[in-house]
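Undergrad: Sequence:
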Amino acid sequence: METFLNCTCRKGEVIFRSDNVSTISVLKDVLSKEATQKKIAVQMSHELDNRAIPHMLELIFPKLEDQVMLAKNVQLIDALQELKVHEQDTTFLSPHCQFILENAELMKEDFKQQPCMVDRLYAIITDLYMDWANFKGVSMKHKVPELLEILDTCNLNNLLEFFKS
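With our numbering applied, the sequence shown has no gaps in its numbers, which climb one by one up to 929 at the end.
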């Protein structure tokens, strides 16, 4: 993911900046754990930029769209190839279906190399939501099923609205 992490160190202070809330969340957890194990008192504060979530979703969403489309296309391959076996002339098929037939092997190979990519992207977005909520001091675990339903629709506007609510 094309995000950044900036670290500024001074005596007695470290400032982390990132456009990814989940990156900061992981850092916070690791630093808290290390400080606790070493019995070091650490003060942590954070500032959230409301532009971070739309930015991250706009980075992730095209990848999600591509992977969902690839998975749907791969599901159609066998049926389209079966049809091609029984029909000599397949010009009646939509351009999209013809494209799938022409690129079936490449699509299968792409899908085989990244079989869990949709699940990973769902997990990244879910973690982003949970991290954002945790930084705001609220628990949103009960809203995760709704988030997953929205992800299934593969609609960026609905996803952005969900994060705003």
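Derived by calculation from the structure, the hints in this document are not laboratory data. Heads up, some of the hints might be wrong.
[Stated by the list, open to error] Cβ pair distances, simulated, as ranges: (1) V908 with L769: 43 to 51 Å; (2) D813 with F863: 34 to 42 Å; (3) L857 with M765: 42 to 50 Å; (4) A835 with M765: 13 to 21 Å; (5) V806 with Q839: 46 to 54 Å; (6) L769 with A835: 44 to 52 Å; (7) M808 with D874: 36 to 44 Å; (8) F768 with K797: 42 to 50 Å; (9) Q839 with I779: 18 to 26 Å; (10) E811 with F856: 57 to 65 Å; (11) E846 with K797: 48 to 56 Å; (12) N921 with K872: 27 to 35 Å; (13) E811 with K848: 55 to 63 Å.
[Unchecked claim] Here are the simulated lysine to aspartate or glutamate pairs, EDC-like style, with alpha carbons at most 16 Å apart: (14) K876 with E822; (15) K900 with E811; (16) K928 with E822.
For each residue, glycine too, the CB sits at the ideal point set by N, CA and C.
Undergrad: Confirm or reject each hint.
TA: Each hint tested on the structure:
The hinted window of 43 to 51 Å between V908 and L769 is violated, with their beta carbons roughly 26 Å apart. Restraint check, D813 to F863: a C-beta distance of roughly 41 Å satisfies the suggested window 34 to 42 Å. Separation of L857 from M765 is about 36 Å and departs from the stated range, judged on CB atoms against 42 to 50 Å. A beta carbon spacing of about 20 Å between A835 and M765 agrees with the range 13 to 21 Å that was offered as a hint.
Taken as a hint, the range 46 to 54 Å holds for the pair V806 and Q839, whose Cβ atoms sit roughly 50 Å apart. As the Cβ distance of L769 to A835 is approximately 31 Å, the hint placing it in 44 to 52 Å is violated. Under the hint 36 to 44 Å, the C-beta atoms of M808 and D874, about 42 Å apart, fit the expected range. Checked against the given bound of 42 to 50 Å, the beta carbons of F768 and K797, roughly 24 Å apart, lie outside it.
Remark: the range hint 18 to 26 Å for Q839 to I779 is contradicted by a beta-carbon distance near 47 Å. E811 and F856 have their C-beta atoms about 59 Å apart, which keeps the hinted 57 to 65 Å range intact. Evaluation of the 48 to 56 Å hint for E846 and K797 yields a pass: the beta carbon distance comes to about 54 Å. Separation of N921 from K872 is about 32 Å and conforms to the stated range, judged on CB atoms against 27 to 35 Å.
Between E811 and K848 the beta carbon distance is about 58 Å. The supplied range of 55 to 63 Å therefore holds. Distance hint between K876 and E822 is unfulfilled; the C-alpha atoms sit about 26 Å from each other, more than 16 Å. The suggested pairing of K900 with E811 holds, with an alpha-carbon distance near 10 Å, which does not exceed 16 Å. With a CA separation close to 14 Å, the supplied pair K928 and E822 stays within the 16 Å bound.
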